[in-house]
Amino acid sequence: MGAPFDLSDNNVVVIIGTGAGGGVLANELAQKGVSVVALEAGGRYLPEDYTQDEWASFGQLAWTDARTTSGDWRVAKDFSGLPAWIVKAVGGTTVHWAGASLRLQEHEFKAKTTYGNVAGANLLDWPITLAEMEPYYDLAEKKLGVTRTNGIPGLPPCNNYKVFEAGAKKIGYTKVHTGRMAINSQEYDNRNSCQQSGFCFQGCKWGAKWSSAYTDVPRGEATGNMEVRENCHVAKIEHDKAGKVTAVVYFDKDGKSQRQKARVVCVAGNSFESPRLLLNSSSSLFPDGLANSSGMVGKNYMRHMTGSVYAVFDKPVKMWRGTTMAGIITDESRHDPARGFVGGYEMETLSLGLPFMAAFLDPGAWGREFTTALDGYENMAGMWLVGEDMPQETNRVTLNTDVKDKWGLPVANVNFSDHPNDLAMRKHAYKQGQAVYDAVGATRTFPTPPYPSTHNLGTNRMSENPRDGVVNKWGKTHDIDNLYISDGSQFTTGGSENPTLTIVSLAIRQAEHLAAELSKGNL
Amino acid sequence: MSKKKSYLSMNRRELLTHSLALGASFAIGAGFVASPNAAWAVEAKFLKAPTLAKLIQLARDIYPHDKVSDEFYVLAVKGYDAEDKVKTIEAGIADLDKRAGGDYLKLGWEEQRVAVLRQMEDTAFFQSIRGGLVTGLYNQKAVWPVFGYEGESYSKGGYINRGFNDINWL
Numbered sequence: 001m002g003a004p005f006d007l008s009d010n011n012v013v014v015i016i017g018t019g020a021g022g023g024v025l026a027n028e029l030a031q032k033g034v035s036v037v038a039l040e041a042g043g044r045y046l047p048e049d050y051t052q053d054e055w056a057s058f059g060q061l062a063w064t065d066a067r068t069t070s071g072d073w074r075v076a077k078d079f080s081g082l083p084a085w086i087v088k089a090v091g092g093t094t095v096h097w098a099g100a101s102l103r104l105q106e107h108e109f110k111a112k113t114t115y116g117n118v119a120g121a122n123l124l125d126w127p128i129t130l131a132e133m134e135p136y137y138d139l140a141e142k143k144l145g146v147t148r149t150n151g152i153p154g155l156p157p158c159n160n161y162k163v164f165e166a167g168a169k170k171i172g173y174t175k176v177h178t179g180r181m182a183i184n185s186q187e188y189d190n191r192n193s194c195q196q197s198g199f200c201f202q203g204c205k206w207g208a209k210w211s212s213a214y215t216d217v218p219r220g221e222a223t224g225n226m227e228v229r230e231n232c233h234v235a236k237i238e239h240d241k242a243g244k245v246t247a248v249v250y251f252d253k254d255g256k257s258q259r260q261k262a263r264v265v266c267v268a269g270n271s272f273e274s275p276r277l278l279l280n281s282s283s284s285l286f287p288d289g290l291a292n293s294s295g296m297v298g299k300n301y302m303r304h305m306t307g308s309v310y311a312v313f314d315k316p317v318k319m320w321r322g323t324t325m326a327g328i329i330t331d332e333s334r335h336d337p338a339r340g341f342v343g344g345y346e347m348e349t350l351s352l353g354l355p356f357m358a359a360f361l362d363p364g365a366w367g368r369e370f371t372t373a374l375d376g377y378e379n380m381a382g383m384w385l386v387g388e389d390m391p392q393e394t395n396r397v398t399l400n401t402d403v404k405d406k407w408g409l410p411v412a413n414v415n416f417s418d419h420p421n422d423l424a425m426r427k428h429a430y431k432q433g434q435a436v437y438d439a440v441g442a443t444r445t446f447p448t449p450p451y452p453s454t455h456n457l458g459t460n461r462m463s464e465n466p467r468d469g470v471v472n473k474w475g476k477t478h479d480i481d482n483l484y485i486s487d488g489s490q491f492t493t494g495g496s497e498n499p500t501l502t503i504v505s506l507a508i509r510q511a512e513h514l515a516a517e518l519s520k521g522n523l
Numbered sequence: 524m525s526k527k528k529s530y531l532s533m534n535r536r537e538l539l540t541h542s543l544a545l546g547a548s549f550a551i552g553a554g555f556v557a558s559p560n561a562a563w564a565v566e567a568k569f570l571k572a573p574t575l576a577k578l579i580q581l582a583r584d585i586y587p588h589d590k591v592s593d594e595f596y597v598l599a600v601k602g603y604d605a606e607d608k609v610k611t612i613e614a615g616i617a618d619l620d621k622r623a624g625g626d627y628l629k630l631g632w633e634e635q636r637v638a639v640l641r642q643m644e645d646t647a648f649f650q651s652i653r654g655g656l657v658t659g660l661y662n663q664k665a666v667w668p669v670f671g672y673e674g675e676s677y678s679k680g681g682y683i684n685r686g687f688n689d690i691n692w693l
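Quick note, the sequences are listed as chains G and P, same order. With the working numbering, letter number 275 in the first sequence gets 275, and the count goes up by one each step, no holes. With the working numbering, letter number 77 in the second sequence gets 600, and the count goes up by one each step, no holes.
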């Protein structure tokens, strides 16, 4: 039977979320003939709907449902209700992402072994290796059309990149280029090439940047095996007496409660909503929430060591012209404890328009120290710093029962404090970023604090031993055979790379596993 | 103000005639605030005119950009001249005046005014005004050219043929 599927159809795989994890998984399963119902909390927006206006686009796409924050991170003060800058729409955060598509490195899959015991950190090796992931990275790079893979040329250097590259070379960095980007440098897979418009974060109006919203999702739907239900907010996953999940309860676009039966449930709602859903699904059989016998659901939240460096020069840069992010220095993305921290970080070009620069350069700042920085906007260059942060059990997503969403469900509270290793790495990264710009004549540099997180990882982490995490190497929960996690919350550790390519690769791999298990009758 | 003539159409002479107070920055009349050269004027419908003038000055002192003209600050705070906001704003400005020794606008140097603001930067009033300005001021499309920012480019085919790589000083 093809889509649409009946609510009582208990043969469907229900996938919650349609981003890099859920959207890809849904399509991959649909291509293999598996019946899929994908529930998406947001609406559907396509390139013709995107707007090249930062705040208007934020209003259109961002997940702004209530969340609360705690911990000593500055986001909790400056953006207390907005711990993350992620998307609520078909395609999830692949509508917003910058497109950087990097593989995790071999040693990053073995963080515990490589870094040893780091006090206060809850490090663990992934239950999979780079070698096991490589075939899936290959598939993901082909799917996304990543530049500098498969013979696809790199993107052309824009102004912001040229400043970045010149500075990098002057201070002796050697691994600098315009990145491995899921942004077409030439037409690929029926998508346009990049027209250097900027506004990559607001949804690519050319479709030059890969997003599941206009690739995997419609392709899955075209098979007739996949149905996407938009504006459907999942409230709870139900199970039977034997502890197998049986259905998903959600509020549909009219606010009406619905129950979709399911053979398998895959949760891909990002690292806040996925653990929140498991916790909100507690029952007498699972009083601490689903798949939480380890107590790890919601714990070990990682957001990458981030920060930015902006610099003003005595001449124009016009960094807003061109790809938002298309430049990388990978020299610091190595494990070298001599720098005073474990793990490494990437340096990546980044530009913001004037409205967002005003909001994010130094949140809360005012007066001339701040405004003279913005006066230099036309002469400004910028980079983002993204490095491996330490998993800590105390950095976690919990239910805030004092604050309810519009359906009366407790919202997620996100508690985060930097680990000393994160602070040491950020300090080093600021110094190096400033050195890059100083080397080409910056008159002033700004070590800019982390924005609300776009990389949200680890809250249902993968572990060999069921005591240490929530899911196994396939993303299957240790506790419940037919419940899977399919988003970045699976990450055992964060590595120093932007996570999307790994999320997509894991989704392709999970689809292969699920299809095989289903055909064997194991699920 | 003359009965039929709008404050918006007053010339400088008329403006000065109708102003109750004239500081360096503002001409303040019954129900209006204007620039002394009559370049702009804004009606104070609910707020007292001096309150609105102080609010405009406050906005500039929080985010001072010498190349940005008053109109943008006026637009950024104009929304506070509303029935449901009067109480909060009048109270906040009264507190500002008190901290300024009576009249915020009588502090002639920005440095003096900023010293007052530093004392109250943690108040809800200050934070609310400051937070509102982040979008109220910088999200005005008309102010972007002052900063050199060009904004959207999709309608023009992107920057691919319009200088995305035109830097020439490296």
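Honestly, the hints are just simulated from the structure, not real lab data. Hints may contain errors.
As the list claims (entries may be wrong) - In silico DSBU-like links for lysine-lysine, alpha-carbon gap of 35 Å or less: (1) K112/G <-> K315/G; (2) K77/G <-> K520/G; (3) K431/G <-> K32/G; (4) K590/P <-> K431/G; (5) K315/G <-> K664/P; (6) K77/G <-> K679/P; (7) K621/P <-> K404/G.
To be verified - If the Cβ cut is set under 7 Å, some of the chain P residues that face chain G in the computed set are: (8) F569; (9) K610; (10) Y661; (11) N662; (12) P668; (13) V669; (14) Y677; (15) Y682; (16) N688; (17) W692; (18) L693.
We put the CB at the ideal spot given by N, CA and C, even for glycine.
Item to complete: Find the hints from earlier in the document that the structure breaks and name them by number, from lowest to highest.
Response: 1, 2, 3, 6, 7, 8, 9, 12, 13
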